[in-house]
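S.K.: On the provided structure of chain A, position chain B as indicated by the hints.
Here the protein sequences line up with chains A and B, keeping their order. Quick note: the first sequence uses the numbering used here, first residue 1, plus one each step. Quick note: the second sequence uses the numbering used here, first residue 1, plus one each step.
None of these hints come from the bench; they were simulated from the model. This structure is a prediction, so every number in the text was calculated from the model and none was measured. We treat Cβ as the ideally placed atom computed from N, Cα and C, and that holds for glycine. Since no wrong hints were added, every one of them can be taken at face value.
Label-pair distances were calculated between CB atoms; the ranges are:
hint : chain 1 : residue 1 : chain 2 : residue 2 : range
1    : B       : 44        : A       : 136       : 56 to 66 angstroms
2    : B       : 241       : A       : 24        : 54 to 64 angstroms
3    : B       : 169       : A       : 172       : 17 to 27 angstroms
4    : B       : 241       : A       : 217       : 47 to 57 angstroms
5    : A       : 143       : B       : 223       : 55 to 65 angstroms
6    : A       : 218       : B       : 152       : 29 to 39 angstroms
Below, a sample of chain A positions facing chain B; criterion: calculated Cβ distance under 8 angstroms:
hint : residue
7    : 166
8    : 171
9    : 176
10   : 180
11   : 183
12   : 186
13   : 187
14   : 191
15   : 229
16   : 230
17   : 236
The primary structure of each chain is shown beneath.
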Amino acid sequence: MEGALALAHPDTGAVLPGVRWALARDLRLALRSRAELGVQLLFYVIVVTLFPLATTPERTLLATMGPGVLWVAALLASLLSLPRLFAVDHADGTLEQIALSPYPLPALVFGKILAHWLTTGLPVALLAPLLGLQYAIDPEGLVVLASALLLGTPILSLLGAIGAALTLGLRAGGSLLALLILPLYVPVLIFGAGAVDSARAGLGATANLSLLAAGLLIAVVGAPFAAATAVRIALD
Amino acid sequence: MASLNWFRYASPATFYPVAGRMIPWFAAAAAVLAAIGAWIGLGIAPTDFQQGEAYRIIFIHVPAAWMSMFVYLVMAAWSAMALGFNTRLSAMMAQSLAPSGALMTFIALLTGSLWGRPTWGTYWAWDARMTSELILLFLYLGVIALRNAIDDPRRADRACAVLSLVGAINVPIIYYSVKWWNTLHQGASVSVGAAPKMAATMLAGMLIMAFAAWFYTIAVSLMRVRAIMLERERGSAWVCALPEIKSS
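So here's chain A without its partners, still in its complex pose:
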């Protein structure tokens, strides 16, 4: 019943202020603990560095594997940072106060997701071309890789928010979150890593990037409502 309420909130004028408020608050909190953000980015860099050590430093093979490795590492980095989205606010009771506020909850959740992406997904996407150089990906491939990550990482934050809200306060939180969310990430992984592959094969990356953009639009429309419903379920 709360789910239906979240969908049909009467006060539609408060949507944008709600997004802005949650975005500003979460950004301010994130920027106060810069060390934590740096550690998450370092995790991404280290995972990417391990693959050539585990397989081969041979340049043609690295160029073939590179996009996939960078994407899998981006998925893991996103997964690792997801608990931060709601868990801290849930633990100290802030989340309940947020849910009671007059702003519509999906708008607040969307603002939080946006802040999460700006502090985790965006740095990963911007760092990827640099790491792609280590994998001998050509300049065009690097541009495609960065654009695919710019379109794909927000989907990871949006879908991940649903899983993060569903597993709030559960004992097996972390590994359970991986089981719930990683299968849902599969299309993003395929289209994202496939963008560089098809560009290298001379097919052009337009189809993959368009599909990622379509997925992003669907996720933007649907995920905040699903995540807000999940937050209400967790707070009951």
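M.R.: Using the frame of chain A, we list chain B on its own:
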């Protein structure tokens, strides 16, 4: 028709005896159809001139693969009802279907790889259908694991309902993304390709087995939902008034 109140059967107290009366019929239908289907599949259907006797595994494999996808949709539909109408029984039905769906997915994967060994020469290939079936298994296991991680059954009902619905939207996207990924990486991969026109007896055997799998799933999930009802409503008056509870 207007006088028929569907919500009457949404009450566990009303549905419990109804389900109990339905189980023997579905179970008997499943047993009879499975026997006929196995007789047609193993005895009457001709040997395939390309694949030899190995093809006979489709009489289990194809029904299981159909059921694995269909059960997920039914589970998502019950979940939507649980969220929309806030009916307890809908969530219990979704809960009782999840293990059957996971079992069907597992059978489809297992028989598929056993068939792949003599036909393709490998137990596993990253074929689009096999890969999306594997991801479907992960989705089922995710729903079951989330259910087990939450102590409060009402919260578990609604959390699993949200997860099932998100998964149901994703299933077609996953299927097409995997299919497209597979065609892009064609290489030395194996493909069933355009199946040769199937003999009528083979098709008949497969359809009968599909109905057997269907009735089996209904019978088993009804049995499971009865157990769930008893467990969750153990303190209520209608459970205490049941003859089988009183006598024990």
